[in-house]
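Student: The lines below spell out each chain.
4 protein chains.
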Amino acid sequence: VVRRIEELGFRPHLLSEGGRTVIGFMGDETKSMQSTFAAMSGVESVVMSRKPYRVACREFKAEGTIIRVGDIEIGANRVILMAGPCAVESRSMLMEVAHAVKEAGAKILRGGAYKPRTSPYSFKGLREKGLEILAEAREKTGLAIITEAMSIQDVKLVSQYADILQIGARNMQNFALLEEAGNIKKPVLLKRGMMATLEELLMAAEYILSNGNQQVMLCERGIRTFERYTRNTLDIVSVPLLKDLTHLPVIVDPSHGTGVRGLVKPASRAAVAAGADGLLIEVHPNPDEALSDGPQSLCPEDFRNLVDEVKKIARAVGREI
Amino acid sequence: VVRRIEELGFRPHLLSEGGRTVIGFMGDETKSMQSTFAAMSGVESVVMSRKPYRVACREFKAEGTIIRVGDIEIGANRVILMAGPCAVESRSMLMEVAHAVKEAGAKILRGGAYKPRTSPYSFKGLREKGLEILAEAREKTGLAIITEAMSIQDVKLVSQYADILQIGARNMQNFALLEEAGNIKKPVLLKRGMMATLEELLMAAEYILSNGNQQVMLCERGIRTFERYTRNTLDIVSVPLLKDLTHLPVIVDPSHGTGVRGLVKPASRAAVAAGADGLLIEVHPNPDEALSDGPQSLCPEDFRNLVDEVKKIARAVGREI
Amino acid sequence: VVRRIEELGFRPHLLSEGGRTVIGFMGDETKSMQSTFAAMSGVESVVMSRKPYRVACREFKAEGTIIRVGDIEIGANRVILMAGPCAVESRSMLMEVAHAVKEAGAKILRGGAYKPRTSPYSFKGLREKGLEILAEAREKTGLAIITEAMSIQDVKLVSQYADILQIGARNMQNFALLEEAGNIKKPVLLKRGMMATLEELLMAAEYILSNGNQQVMLCERGIRTFERYTRNTLDIVSVPLLKDLTHLPVIVDPSHGTGVRGLVKPASRAAVAAGADGLLIEVHPNPDEALSDGPQSLCPEDFRNLVDEVKKIARAVGREI
Amino acid sequence: VVRRIEELGFRPHLLSEGGRTVIGFMGDETKSMQSTFAAMSGVESVVMSRKPYRVACREFKAEGTIIRVGDIEIGANRVILMAGPCAVESRSMLMEVAHAVKEAGAKILRGGAYKPRTSPYSFKGLREKGLEILAEAREKTGLAIITEAMSIQDVKLVSQYADILQIGARNMQNFALLEEAGNIKKPVLLKRGMMATLEELLMAAEYILSNGNQQVMLCERGIRTFERYTRNTLDIVSVPLLKDLTHLPVIVDPSHGTGVRGLVKPASRAAVAAGADGLLIEVHPNPDEALSDGPQSLCPEDFRNLVDEVKKIARAVGREI
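Protein chains in written order, with the working numbering: chain A, 1 to 321; chain B, 1 to 321; chain C, 1 to 321; chain D, 1 to 321.
With the rest of the complex left out, here is chain A:
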């Protein structure tokens, strides 16, 4: 089948699961082509999709994708908590947060080593030193690590240290970076651009998927609106909508999504009630002294309270934390 697709001048994408192989490609949507393939031996069915994101869409793969990081399953019944500071500021600070969030129930530690900043004069992160500290925190706590790569240069290095590679909102349409993320073997968390439509987000995911990396999760982190009381408007309804459009897991970031500490807890409850597969939350031992994003960071105690509340909601929708 693959050879035939290539003969026709198209590029096939393979996806194996449970003894069945799904082969996707973008071609002419003619009836004759459909019957050509339907008639080939070993072909169970031919599905034609009108969605421009061929591999990301539910029609391509009906069951939800589950991404495994060690024994953590993202996209399964358990809602996964990812927490930690916006930026890795120092070894001692990261260790303190790591132990606190682990104890509270987080499975994955977040922390920026490379920080995208609007101003060239702002703190840009500890870079490789930050990655080393993250790796040490993983060793000490057993938490998995998620951290951002900002450019194609960093992808290789970051993916050596990280368990999940994050692509930030400003880079959602950095196509060279997306392609590079498609070449690695690690899961990728792709953040929605600040003003991107869901179709654009799915097309960005398609860049990674079509390059060969099937382990993609999407992250709603708020869009820009006219509201001035909040930093962004968290689009919570995007969660059930994305779950309908795509088989990929959907994570919500209520910290960037609101930009206001007091709103992180109710936004987290709402996100889980809406069906989110995970939460990405900024926690800092001393939010008022954070080098970046202090106003939206929780202290460890607030995070523990959040976990308690979110657990109740998870149970109410038949899931667990």
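Just so you know, these hints were derived from the structure itself, not from any lab. The structure displayed is predicted, hence computed values, not measured ones. One thing to keep in mind: the hints can contain errors.
Since the list gives no way to pick one copy over another, a pair counts as held whenever it fits inside one copy or between any two copies.
With a Cα cut of at most 25 Å, we get these calculated DMTMM-like pairs of lysine to aspartate or glutamate [stated by the list, open to error]:
| hint | residue 1 | residue 2 |
| --- | --- | --- |
| 1 | Lys129 | Glu289 |
| 2 | Lys124 | Glu73 |
| 3 | Lys186 | Asp71 |
| 4 | Lys311 | Asp244 |
| 5 | Lys185 | Glu73 |
| 6 | Lys140 | Glu63 |
| 7 | Lys102 | Asp293 |
Here the structure of chain A is known, so what remains is to put chains B, C and D in place on it, guided by the hints.
Tutor: Relative to the frame of chain A, chains B, C and D by itself:
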């Protein structure tokens, strides 16, 4: 105190509750004025607010406002369900829906008699005939009635029939209508404009409050964004934010807020998880034949399922339906 | 023909010009209906439009509508300048501005007697007193008068004094007000809502047109965007687009459209270069002391300079001031 | 002075012009620091800026920056026309367009060799082959070349061929790419992001400037709004606003800015009337067969008409083409 405020050339707003009277007015925020009033007998405290919505803000009144409609309390522990068709299309259809939503747990029946329509050529509602049908449904079912007034001409008539007067999103800054709504004795549900900030919504509420009607509830019904899969983007985080900024109850309309039937249920769960005091939901006996808003209306059975799911969430946040 | 349309249950709109009569109505777009009318004697042609704004669209009337106010023609070759203060603050101030703008080349005097304000506590205009002052200024200077009606209650009174009735941006979808404006015999300037699409603007115009008033001009006054340096983003390209979609004249308001005094002149040049039929500009004898919109008002001298510059642009596009 | 700045722990940016040297750096804005430097010999004045874009702002450099490409001056009196196809599709097609736009008055040839595409399945350009064709066109016609680099990998190669390196709207906050563009010796045209504020655009320019490349021009190319008749809303008033905020030249792209062929001409007139230093226009020998952006491309004859009209506007504002 009131006389002194008037002598100074300002207009006082009185609000009595539990034996205490709050008097608000907009004046110069000078220290001397503060001490003038603080020294008067019978004055417990003088609060200065920087918010431009003087009467609507939490600083003016710390406890949440509870609006009573018969024995229904809006803004108290119970999450209030308001449900019914977009437009009152006929007597038989409304009766059918009214019985169905009552049985499922709704306390208030919604239904448009006057319909604002983008096109002058669209169905504009049954008008007074629609109001009569609504009143009959109230009599038959015991449900309270909420319906919209579109212009100052209609306010008097609509408020004779309705238990709650609705002001629609397109009229959020129709200041003449807001002032008229401030003159009636019935509760008002004020919908957020499609592209209004929360401050603009609160300033619109202030028009009603400062005209003498303290029974105002706010309604989040989705804002316009660049997303094309949904009709609007429901700003669920506005719920906890509004609850923080104002003492007024906050209702969520997930039907207009999403415009997509399949999203009404998860959006409702999220709204209650975020702290909404009520839900306003479109239910139609046969959504595919609705004269307006069919694609976002639920059939009665879907509504019953929604109530079941929302009940679990309400319990998880310590409330009931 | 009219009788036949009515027999079919539709509502005809008549428009006579140059001995020819155009009859518009909204009906089923079936072939049979088209041939029914095409066959009737006296019918030159039957045009079917897919645009939801049947009467406003170019297909309905190919030549541009010219609105006559005394000997002023709006929509013809001459670019019409409308200028004056945001609000009529006093008799002396209005007379001063009226003489100054007349001398500089304005044909129409603007000035608000009824002011829509976001806050119920802001100055709301001199109301009927303001209308009287405007009428006096007309008598003294020969300028025509444009002023706003904010509610259906005011339309009758305002249209007794004004030569052109203005409907403000916040009332663009106040359908009761639009219908009332359709009942008067005076020209109407309809401002685009702050976040309205052009189709919504044209549908709002359709409310007035379909109610019987054909003298409608549209006004671009800036839309809300994420930009914070300006009050609004003036959508200058809407001018040629509207001129293509509709036969109605198009006016530009660079004062509200930018909110910044220093940008009014370049924005005016651009608007005329793009094909605007007129400009609506705020001029105040002492902008820094204006009761409203001071930061965007020009002093009379700046307005004279603006007229000089705009004249050169008008000539470059084959028009005059 | 430079040494002293470095001793204080800051990073100085030097800019020499006309025998005077401007030294910028980001430091504490204390009075004591101001007097420290004011007292040093050879220091004419110390300017403190509150703008976060220290080097880009007008306070840093009062005279407009003029960028020289051969004998072309961008930012001087002459309005510079840059024209050509969206993508370099073939050698013969590019030569045909190049000769046509040169004859009509263009000074610079545009053409994409690397194309950013929302879908991974769309045509991505001829890449290095495209660059070679562009270089050949320059040799044959004498036109300078502007073309886009999409990733840090391409910058070196693209800047070997191009006279001006373009950074696209989707990459406006690709900070690694901006830094790389700051390292080259070629002028850079930086396009405004589809939903970026002007401050964000200027901060992105600051990344390039603060890295050492002072030859930056900004390009307004339309922002995303709710309008559906156009692809983008061209923010023409951003031109005089940017000219006020920064010393950098400002170019307008009316092709992407509107997305509609019939609007490119009036938008170009408006842009020049507003003060644009140049226009970037898509021209294709056969727009209806273009591999990308056909609906917004002009045929050579339309482009000649556009130049004629724009010349008249340029003269009306005291400039030439």
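Student: Please list, smallest to largest, the hint numbers that this structure does not respect.
Tutor: Checked against the structure, the hints that fail are numbers 2 and 6, while the rest are satisfied.
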